[in-house]
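Number of protein chains: 2
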Amino acid sequence: MTLYKNFSFEITHQSSTSRARTGCLMTPHGPLETPAFIFCATKAAIKGATPQQMKEAGTQIILSNTYHLMLQPGGSLVEKMGGLHKFMGWDGPMLTDSGGFQIFSLGHGSVASEIKGKRFGGRRKTLSKISEEGAMFKSYLDGSEHLLTPEKSIEVQRQLGADLIVVLDECTPFHVDKKYTERSMHLSHRWALRSLEEFKRGDTGRQALYGIVQGGVYPDLRREAAQFVSDQDFFGHAVGGSLGATKDQMHEVVETTMSFLAPERPVHLLGIGGVRDIFNGARHGIDTFDCVHPTRLARHGGALVRADYWYEKGLISGKEHITLSNAQFKEDARPIDETCTCHTCQNFSRAYLYHLLKARELLAVQALTIHNVFYMNRLLKAVRQAIMNESLSCEEKLWIAQE
Amino acid sequence: MTLYKNFSFEITHQSSTSRARTGCLMTPHGPLETPAFIFCATKAAIKGATPQQMKEAGTQIILSNTYHLMLQPGGSLVEKMGGLHKFMGWDGPMLTDSGGFQIFSLGHGSVASEIKGKRFGGRRKTLSKISEEGAMFKSYLDGSEHLLTPEKSIEVQRQLGADLIVVLDECTPFHVDKKYTERSMHLSHRWALRSLEEFKRGDTGRQALYGIVQGGVYPDLRREAAQFVSDQDFFGHAVGGSLGATKDQMHEVVETTMSFLAPERPVHLLGIGGVRDIFNGARHGIDTFDCVHPTRLARHGGALVRADYWYEKGLISGKEHITLSNAQFKEDARPIDETCTCHTCQNFSRAYLYHLLKARELLAVQALTIHNVFYMNRLLKAVRQAIMNESLSCEEKLWIAQE
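Line by line, the protein sequences are chains A and B.
Position 5 of the first sequence, counted from 1, bears residue number 61 in the numbering used here, the numbering being contiguous throughout.
Position 402 of the second sequence, counted from 1, bears residue number 458 in the numbering used here, the numbering being contiguous throughout.
Bear in mind the hints are in silico, worked out from the structure with no lab data behind them.
Take every hint as true, because none was put in to throw you off.
Listed below are several chain A residues computed to face chain B (Cβ distance under 8 Å; list not exhaustive):
no., residue
1, Ala100
2, Pro107
3, Leu419
Every value quoted in this text rests on a predicted model; they were computed, and no experiment measured them.
Glycine is no exception: its CB is placed at the ideal position from the N, C-alpha and C atoms.
Can you make the complete structure from the sequences, with help from the hints?
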């Protein structure tokens, strides 16, 4: 049986000056123009938007988290309900992760909590034990113990039925030494082979498997990991593991890793979705990105803005978002962005959004989510166009205020 | 200057067997087919739905509360932003209340808190003092003291700019005696005359004023109040004040009050919106209803269901709603209502809604709000059709399971 016969990845334009490319990734639920942003429907729902609103805001693809769904409502219930697409009413391309990230990031402590000196981010440690077999963890719902193995992860992802699925790996934290990173990488490689075997065993032709490139911040390990995944029958690759402690280091790790990967397969950058990070990733050939940032930001009153916002104020640099609960917006009759054609910018003023946030109205979250989702889809469309026009650096200045 | 020249109310069908009628109420923001349900956008936002979603769910008209908006963001800010229609992105018919209800209901304590023995519903008393001039009250936001007079209420409602506006009255609680009710009614009548005078003084032709029929549960007082409002230049009438302590008493008070009102003007029933109450109201000639129930119910996991739901279970009676967080829905692949064409019923199963509620996902509120709004609009459409067909009692059996 031929693997991935219902999938394809075509590079539609390859930049002559960088690794940047545009592509078309075909799935059983339709095509995906790349580079693309994948929105996080963590528990089988986008926080603050219906599938219809996501579509209207230009969304091509979403993801759900296997960790959350395997605990509730459970993979077999979702399967019984006809799979995740039907369960949540999303008929476009979809990705699920392996479930490992939540277990390990909460277990090891995240980069953010590391910096803040909180080893577990103030939350209960979920990881109990890593063994050759898999990872023992405690449910965030009731503390019950579960074992996640590479085979189990594939099994649950098969029940969920997303188009793109991912092998289980150990997400190594950034503060460990090279030796730990190397050992961990080799464990992840053995898990990847088991994942692939389980994938092939139950393959229905409706899913495509991504291998993960580990290796932390170490170029020689990244090279070895890149070679490993390229040698296996994966449909695509995901850049994972520790990407460093700073944005600059992350951009460097992405660049290094991408230089080791052959260009044929699509590459996903796990959990990264800042505007600057997307320009950097796209420049080095990343095809898909995911991050909770746009929708989480909305829940905190933040709206993504383009560079114009700062240039109009006479500034030459500025953040990627504004916070609408700021008193300066109280009587501001303009939309978030006058050039934006999203439902929110077409109907609501900054003053109204300020009012909604002050009044703690649910609609504030919906309105800001719709804007941020639309913004990201508009951004990625602009990135694709700019790659075709060889004008990525020029385009970047429209989105990030910079000297 | 002719009052209400941009408004009209045409009775399109008058039942030959009851006071029930269908009508068309024309406003500067379009027509309203009656009987109609008015949804509560308390603080200039429907909790859980965008204006677009409200329109898609068949909504004709919404209301906002003057009490909340005068305190935040304030009438003059809304006016500066182009009025409430523009501010909140709603271009259909709209009503505002006088602001009195919140002051008095929180001040006196509601019927519900009365029954539960909580005089102020566990909340801070807002009413400070009623005088001939108006009502002194404390802001729910910061405790600051404000005076709401009939003139002030009209002024704020003019700044907000809704199509249909309402005179300030004292909302008498149901536990007071007849003497108090009569005194209160006469105060409300003097306030109504002042409201009307202020309305005429600043009339722009873009608003129509409703007078309120007071009189509590006493038929002779209701008759006097009905005569009073009919003698004044109101565009429409609203049935207010105490409607009694039970549903049956309320239905009786509505029937009695309606028997005293001439049929020419549209009549609104304040704050009532149960399914049974709507059939009762429509039967006695009520043209519009409002209630927070459908949207509030959604926030508590409740979905309105038709009688079929119970009949299919072999039951001959049942509640007007089901609660989707009930374990019986965990693996139920059916929509809330198989005959419902709302976005929620077309896309989501009971099992998915159960999951969303268990996972505390925002989408649960949106999905249930959309269903309940659609349900109410569908109900009122069915009521209008049934009035035209003289089949209201028959229609009622489809919506309320009953012997």
